[in-house]
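Using this note's numbering, you'd call the opening residue of the sequence shown number 256 and step up by one each time.
Hints listed in this document are in silico derivations from the structure and should not be mistaken for laboratory results. Any given hint could turn out to be false.
To be verified - Pairs of lysine to aspartate or glutamate, EDC-like flavour, derived with a Cα cap of 20 Å:
(1) Lys451 / Asp302
(2) Lys321 / Asp656
(3) Lys283 / Asp476
(4) Lys772 / Glu379
(5) Lys487 / Glu508
(6) Lys721 / Asp738
(7) Lys451 / Glu415
(8) Lys451 / Asp439
(9) Lys487 / Glu316
(10) Lys724 / Asp736
(11) Lys724 / Asp542
(12) Lys283 / Asp738
(13) Lys451 / Asp309
(14) Lys772 / Asp729
(15) Lys311 / Asp299
(16) Lys418 / Glu568
(17) Lys283 / Asp517
(18) Lys657 / Glu506
(19) Lys724 / Asp650
(20) Lys487 / Glu506
(21) Lys418 / Asp439
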Amino acid sequence: MPSHYDIVIVGSGAGGATLAQRLAPTGKSILILERGQHLPREADNWDAKAVFVDRKYRTRERWIDKRGAPFTPNTYYWVGGNTTFYGAALFRLRASDFEQRAHAGGVSPAWPISYGDLAPYYTEAEALWRVHGTRGIDPSEEPDDPPYAFAALRNDPGIERLKAHFEAQAWRPFPLPLAVNRQDDDPLRSACIRCKTCGGYPCLVMAKSDARSIAVMPLLDMPNVTLLTGRKAVRLETDPAGRQIRDVVCESENGEERFSGDIVVLAAGAVNTAVLLLASANGAHPDGLANSSGQVGRNYMFHTLTAMLSLTEAPFDASFPKTLAVNDFYHRDPRGGFDFPMGHIQLLEYMSGQTLEGQLGDLVPPQLLPDGVFNTIAKRLLSFLVISEDLPMADNRVRLDKTGQIHLDYAHNNLEGHERLVRTLRGALDGFTSHTHPLSQHHFQFDSLLPLYGTAHQNGTVRFGKDAKSSVLDPMCKAHDLDNLYVVDSGFFVSSAAVNPTLTIVANAMRVGDHLKQRL
Numbered sequence: 256m257p258s259h260y261d262i263v264i265v266g267s268g269a270g271g272a273t274l275a276q277r278l279a280p281t282g283k284s285i286l287i288l289e290r291g292q293h294l295p296r297e298a299d300n301w302d303a304k305a306v307f308v309d310r311k312y313r314t315r316e317r318w319i320d321k322r323g324a325p326f327t328p329n330t331y332y333w334v335g336g337n338t339t340f341y342g343a344a345l346f347r348l349r350a351s352d353f354e355q356r357a358h359a360g361g362v363s364p365a366w367p368i369s370y371g372d373l374a375p376y377y378t379e380a381e382a383l384w385r386v387h388g389t390r391g392i393d394p395s396e397e398p399d400d401p402p403y404a405f406a407a408l409r410n411d412p413g414i415e416r417l418k419a420h421f422e423a424q425a426w427r428p429f430p431l432p433l434a435v436n437r438q439d440d441d442p443l444r445s446a447c448i449r450c451k452t453c454g455g456y457p458c459l460v461m462a463k464s465d466a467r468s469i470a471v472m473p474l475l476d477m478p479n480v481t482l483l484t485g486r487k488a489v490r491l492e493t494d495p496a497g498r499q500i501r502d503v504v505c506e507s508e509n510g511e512e513r514f515s516g517d518i519v520v521l522a523a524g525a526v527n528t529a530v531l532l533l534a535s536a537n538g539a540h541p542d543g544l545a546n547s548s549g550q551v552g553r554n555y556m557f558h559t560l561t562a563m564l565s566l567t568e569a570p571f572d573a574s575f576p577k578t579l580a581v582n583d584f585y586h587r588d589p590r591g592g593f594d595f596p597m598g599h600i601q602l603l604e605y606m607s608g609q610t611l612e613g614q615l616g617d618l619v620p621p622q623l624l625p626d627g628v629f630n631t632i633a634k635r636l637l638s639f640l641v642i643s644e645d646l647p648m649a650d651n652r653v654r655l656d657k658t659g660q661i662h663l664d665y666a667h668n669n670l671e672g673h674e675r676l677v678r679t680l681r682g683a684l685d686g687f688t689s690h691t692h693p694l695s696q697h698h699f700q701f702d703s704l705l706p707l708y709g710t711a712h713q714n715g716t717v718r719f720g721k722d723a724k725s726s727v728l729d730p731m732c733k734a735h736d737l738d739n740l741y742v743v744d745s746g747f748f749v750s751s752a753a754v755n756p757t758l759t760i761v762a763n764a765m766r767v768g769d770h771l772k773q774r775l
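Please work from the sequences and hints to get the whole structure.
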């Protein structure tokens, strides 16, 4: 096995796998280093107890929060990265998200690129990842965006009733852009079966568009692409001048291994990319690689998120509920009185009793709510995710202590718009069903804000920009301080916006890939 390649990519998630897919046709030798293994296809993939209660596939590692308390991040180290377990909602950032924006809690900085720079890549990514949607309804989208290549998924009957309820309040609910291999008009031949085990689960039939199915698996047959699993990158070593990455040092079952590349690309996720750079400090880079600005690890964001779990009196008729979203409040409150961004609302996946038990396990001891109670609740549960933008703050950061322990310091910010949106949704749900039982007259929020372990939307930490004094990467996502180091995970984000980040990661990796084609 060779040790030198034209391109070495650390991580096989949305960014790393997409970049490899973009560069593979060049014939250049590409090495993908993945710390995890191939996820086994087994019955437990769709077993709620295994996935949510036992957390069979989730990492066991512990990080430390700013109070010194350990926690287990909701992170998955497998081929395909976190996309293997994601909910498949693929949104474009809005044009205004690339610009400086005033929020009630501060200012969201401008990106060094514009919406127009990513727009063609968004279109290509939506087609490649089979995103189903409908243009012209979402009031926050750009009017010139082309139609989706795949028609929006139909709503289950219960979601149709909810849609009509929102429309009666002058809201404009729209089809959630969902990346699955589904044919609603030909269900017998459709790969996706609209099952109850989609978001949060790996797809046993490979019908969810994730990095594994869309990019990695097609790459395995290409002679110039090598995927090595079980290789955890622990250090990057430079030449004496500190301008070139010479070796990527990995830990594996074989001990320490070294790999070199003309180009080295990090795609390990916003947290672990920052960790790798900080762990690679040397004489030329005493504060960590690419860190002359002091920004590596800083400006960590993961959205301000509230899961609203609302009980209906009768069992709710929606086995595949995640097909509807609302962006009426994305830029401001259209009713007046609040001229700042509030955020985004989307339906969550179906929750079984054991799914609910696992999701609430950190908040409610299972012995207080036996399985029968969880199952009764789940059948009557309408679940929403409210997403708002958290702002980049220097003290919200990834740190390493002397033992190599990961510390994640974070304090919530910019909460006013989010809290207003949660109250708005709660009020809008009043009257959706007729309630006679006292227990069902309330909308239960089991957690007002997603805790720090909710790392699915992690971003920031190695922001890109034109000024090397205030950013880690240049506008093409190359490290300012090194000549052959790039980053294509969500660490490059300057701001978090208020929609799911995966499509932007994919589109940007395509953009960087086209740049690297010219360089190579």
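Status of each hint after checking the structure:
no., hint, verdict
1, Lys451 / Asp302, "holds, 10 Å"
2, Lys321 / Asp656, "holds, 12 Å"
3, Lys283 / Asp476, "holds, 15 Å"
4, Lys772 / Glu379, "holds, 17 Å"
5, Lys487 / Glu508, "holds, 10 Å"
6, Lys721 / Asp738, "holds, 15 Å"
7, Lys451 / Glu415, "holds, 18 Å"
8, Lys451 / Asp439, "holds, 16 Å"
9, Lys487 / Glu316, "holds, 13 Å"
10, Lys724 / Asp736, "holds, 10 Å"
11, Lys724 / Asp542, "holds, 14 Å"
12, Lys283 / Asp738, "holds, 19 Å"
13, Lys451 / Asp309, "holds, 18 Å"
14, Lys772 / Asp729, "holds, 17 Å"
15, Lys311 / Asp299, "holds, 9 Å"
16, Lys418 / Glu568, "holds, 18 Å"
17, Lys283 / Asp517, "holds, 11 Å"
18, Lys657 / Glu506, "holds, 19 Å"
19, Lys724 / Asp650, "holds, 17 Å"
20, Lys487 / Glu506, "holds, 5 Å"
21, Lys418 / Asp439, "holds, 19 Å"
This entry satisfies every hint, going by the numbered hints stated previously.
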